[in-house]
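Asker: These are the residues of each chain, in order.
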Amino acid sequence: MRKALAPLLGAAALALPGMNAWAAATAKTKIVTRTKTKTFTGALGSAQRWGYVEVKLVVRKTTTTNRKTKKTSVRRRITAVRVPIYPNHTDRSVFINQEALPILINETLAAQSARIQMVTGATYSSQGFEHSLQSAILKEKRW
Amino acid sequence: MGMPIVVDVRDVDDETLLEPLFDWFREVDERFSTYKESSEVSRLDRGELEPADAHEDVRAALERCEELRAETDGYFDVRAVRPDRVDPSGLVKGWSVDRAAALADELGWRNYAISAGGDIRLRGGALPEAEWRIGIEHPREPQRVLAVVAGDDLAVATSGAYARGDHVVDPHSGRPPAGVLSVTIAGPDLATADAYATAAFAMGRGGPGWTARLRGYEALTVLDDGRVLRTPGFPVEPAAAMLG
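Protein sequences appear in the order of chains A and B. Be aware that the first sequence starts at 1, since it is given in my numbering, and climbs by one per residue. Be aware that the second sequence starts at 1001, since it is given in my numbering, and climbs by one per residue.
In case anyone wonders, no lab produced these hints; they're calculated from the structure. Treat the hints with care, since some could be wrong.
[Unchecked claim] Here are the simulated distance ranges between beta carbons: (1) Leu-1127/B with Thr-33/A: 18 to 24 Å; (2) Ala-1052/B with Ser-73/A: 52 to 58 Å; (3) Glu-1106/B with Thr-37/A: 37 to 43 Å.
[Unchecked claim] Computed footprint of chain A on chain B, listed as stretches where at least three residues anywhere in the stretch have a Cβ under 8 Å from a Cβ of chain A: (4) 1118-1129; (5) 1143-1149; (6) 1155-1161.
Being a predicted model, the structure only gives us computed values, none of them experimental. Note that CB positions come from ideal geometry on N, CA and C, so glycine has one too.
Chain A extracted, bound-state conformation:
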């Protein structure tokens, strides 16, 4: 019986290397952390007279599981904000946005490090909502 059992365990360990690693680590720690990164692309939005902008958020999702208590906590952080479409339909807006876009990126990151959950503003019609920062925050939470 013992001989037959050993290869079976070996096969199981081969199929589930993660489980095997966990078994080895369990003597020391019972906490397992997994990290995934995903990019969210917002709908193309009109930034008033500056033209069109598209915002991409790169979100890192860290799942921490305590094997002993079975408790799982999920932590999501925005690690980058990209604005791939530069409004450039007039010389004036090119000039403004070369100044403005890096500031936009910094401020969105600053806001995230402050972990905002909602946005207050005057432009929240239903039509504008899907392009809004509020909408991007909701999409990120659903993931």
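With chain A held as given, fit chain B onto it using these hints.
Answerer: Chain B only, in chain A's frame:
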């Protein structure tokens, strides 16, 4: 009302438990919508319904509109854009969220945030956070956050140009206000905060001075030259001060 409503409750896991709040907003829409011919407000407007016969909520909302008009020296005036129309929409947005918050309290929730069209009422925290944090949208670039407001029992409303595609006008001149991009008001009651934000925005450059005298309500005003003026007690995050 044609506006997005966002309900974030951290006390419950099951989305279906939020339905009583959405039922309430549907009821408000049925009664107050100016887009629905059958609503009480539309019938009042066409003279088919006498104010005395309207639902108590409709009467209460119209009375509160009048009180706030007096309180704001006439600058919050639901008849400012169309004097011939009955349209309490400017009050109903905040008022309906206040009532939804009361409903949330009755349901035993202690950690929630409710937003109607970017006007927000919050309580407790965004668990596991101890507080809620609200970004104030940049009035010229909607994807930019200008500052962050934090609190555990607060109403926050913003008024500015381009709100829902219609204009806030100065009721005394009939023209859109000059010199101001947006006004955000924070305080205990959302209907009042919203009315104060609309009034202060309609006042133009005179708005910040008026907000400085409000009791129980704090204000942050963005001027069209990029300056940000706020009252000393406005609950802005320290990190955001440099963003002004």
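Asker: Looking at the structure, which of the earlier hints fail to hold?
Answerer: none
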